[in-house]
Amino acid sequence: MAALGTPLQTFRGLLRELRHASGRPYRDTPAYQHIVATFRAHRVTSQKLCRAQQELHFQAATYLCLLRSVREHTALHREYHGKGERSPEEVAGLVGFRLPQQPGGKG
Amino acid sequence: PSERKRFYQNVSISQGEGGFEINLDHRKLKTPQAKLFTVPSEALAIAVATEWDSQKDTIKFYTMHLTTLCNTALDNPTQRNKMQLIRAAVKFLETDTVCYRVEEPAALAELQKNEWDPVVAWAEKRYNVAIGSSTSILGPSIPASTKETFVSHLASYNMWALQGIEYVITQLKSLILSMGLIDRHITVEKAVLLSRLEEEYQIQRWGNVEWAHDYDLCELRARAAAGTLFVHLCSESSTVKHKLLQD
Chain A
1 MAALGTPLQT
11 FRGLLRELRH
21 ASGRPYRDTP
31 AYQHIVATFR
41 AHRVTSQKLC
51 RAQQELHFQA
61 ATYLCLLRSV
71 REHTALHREY
81 HGKGERSPEE
91 VAGLVGFRLP
101 QQPGGKG
Chain B
1001 PSERKRFYQN
1011 VSISQGEGGF
1021 EINLDHRKLK
1031 TPQAKLFTVP
1041 SEALAIAVAT
1051 EWDSQKDTIK
1061 FYTMHLTTLC
1071 NTALDNPTQR
1081 NKMQLIRAAV
1091 KFLETDTVCY
1101 RVEEPAALAE
1111 LQKNEWDPVV
1121 AWAEKRYNVA
1131 IGSSTSILGP
1141 SIPASTKETF
1151 VSHLASYNMW
1161 ALQGIEYVIT
1171 QLKSLILSMG
1181 LIDRHITVEK
1191 AVLLSRLEEE
1201 YQIQRWGNVE
1211 WAHDYDLCEL
1221 RARAAAGTLF
1231 VHLCSESSTV
1241 KHKLLQD
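Just so you know, the sequences run in chain order A and B.
Here the first sequence is numbered in our numbering, starting from 1 and rising by one per residue.
Here the second sequence is numbered in our numbering, starting from 1001 and rising by one per residue.
Errors might be hidden in some of the hints.
Said to hold, decoys possible - Simulated restraints, written as ranges between beta carbons of each label pair:
id, chain 1, residue 1, chain 2, residue 2, range
1, B, K1028, A, E90, 38 to 48 Å
2, B, N1208, A, V95, 25 to 35 Å
3, B, D1117, A, G93, 49 to 59 Å
4, A, T38, B, D1075, 28 to 38 Å
5, B, N1114, A, R98, 49 to 59 Å
6, A, H81, B, T1078, 23 to 33 Å
7, B, E1236, A, P25, 22 to 32 Å
8, B, K1056, A, A41, 31 to 41 Å
9, A, A3, B, A1107, 20 to 30 Å
10, B, T1078, A, E55, 26 to 36 Å
The hints are simulated quantities; they were obtained by calculation from the structure and are not laboratory data.
Everything numeric in this text was worked out from a predicted model, so none of it was measured.
Note that the Cβ used here is the ideal one computed from N, Cα and C, for glycine as well.
Chain A on its own, in the form it takes in the complex:
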């Protein structure tokens, strides 16, 4: 599966995503510890992979895809979908007008 990238790339990608995701030092998190322990125990970062290691690598790559996609989706959501309604002033400004200052009067 050439599309997966190397285990080392996946491992680094995961650490990067965990750093983004976590508020506190990411090395303290269960996720970080689990990933490091798993990669170390199964030596997934070596070149030749046996079947169990390939399965583990696929799982890690899938998790990386999840973390990355959620982060990107959240960023897009914040950018394009989170702003809410414009105020009347903003709407007027869109077409080059200003709202009148006095009630019922001209601007």
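Guided by the hints, dock chain B onto chain A, whose structure is given.
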């Protein structure tokens, strides 16, 4: 509500009788139906805990796909049994995205042939079935024996994993692409690309619209990744508490 304020400092996991639990400070996480949130796999619990710990000021439930999948498995809100889930999953084959072909425009038809034929061929070989593809508006006609083969195969998965499989199929609109993922034949990125082939074709032709296209792409990737990971973590015999998974 789609969001609420983050009300906890620390997220941790602990092991209870039925499996692994999530603690938000001193409170145990519960499902929407107020059941105790217990998962059969430690790795899954860690990933769920990470979702909760990743929330900043507000809890964005729509980003917490693993939590949602676990809640569905625990609460089973649609009240479906194993065979109903399996039949719903296999029924998708009749309208499987990769089997439904256009005749026009020629460029899209060609793209579908080049990108989808290989994965259909893979499924036919892997499962020893006939599937084919069709340009008919009725879609492909799938032999009953093909459906039964998939029914048998899916029956070998436990209830939790099946919830995950059915979820991925619904998201990708394809049983074949979902099996490709579950069997680790293709990556999530590839499966999503193949699922969205026509959109990608239109984007190539007419241009990308970030707030719509990328938004949908990221969301589909997230959901497909979550579903796939969920299935694999619920299927591993060495790490799974079987009692919880009994149908």
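Here is how each hint holds up against the structure:
The beta-carbon spacing between K1028 (chain B) and E90 (chain A), approximately 45 Å, falls within the hinted interval of 38 to 48 Å. For N1208 (chain B) paired with V95 (chain A), a C-beta distance near 28 Å keeps the hint of 25 to 35 Å intact. Between D1117 (chain B) and G93 (chain A) the C-beta distance comes to about 54 Å, which sits within the given range of 49 to 59 Å. Here the CB-CB span from T38 (chain A) to D1075 (chain B) is close to 30 Å, well matched to the stated 28 to 38 Å.
Range check, N1114 (chain B) to R98 (chain A): Cβ separation about 57 Å, and the 49 to 59 Å hint holds. Here the CB-CB span from H81 (chain A) to T1078 (chain B) is close to 28 Å, well matched to the stated 23 to 33 Å. Against the hinted window of 22 to 32 Å, the Cβ-Cβ separation of E1236 (chain B) and P25 (chain A) comes to about 29 Å, which satisfies the hint. K1056 (chain B) and A41 (chain A) have their C-beta atoms about 32 Å apart, which keeps the hinted 31 to 41 Å range intact.
Between A3 (chain A) and A1107 (chain B), the C-beta spacing of about 24 Å keeps the proposed range 20 to 30 Å intact. The given range of 26 to 36 Å is respected by T1078 (chain B) and E55 (chain A), whose C-beta atoms sit roughly 30 Å from each other.
Going down the numbered hints, you'll see the structure goes against none, and every one checks out.
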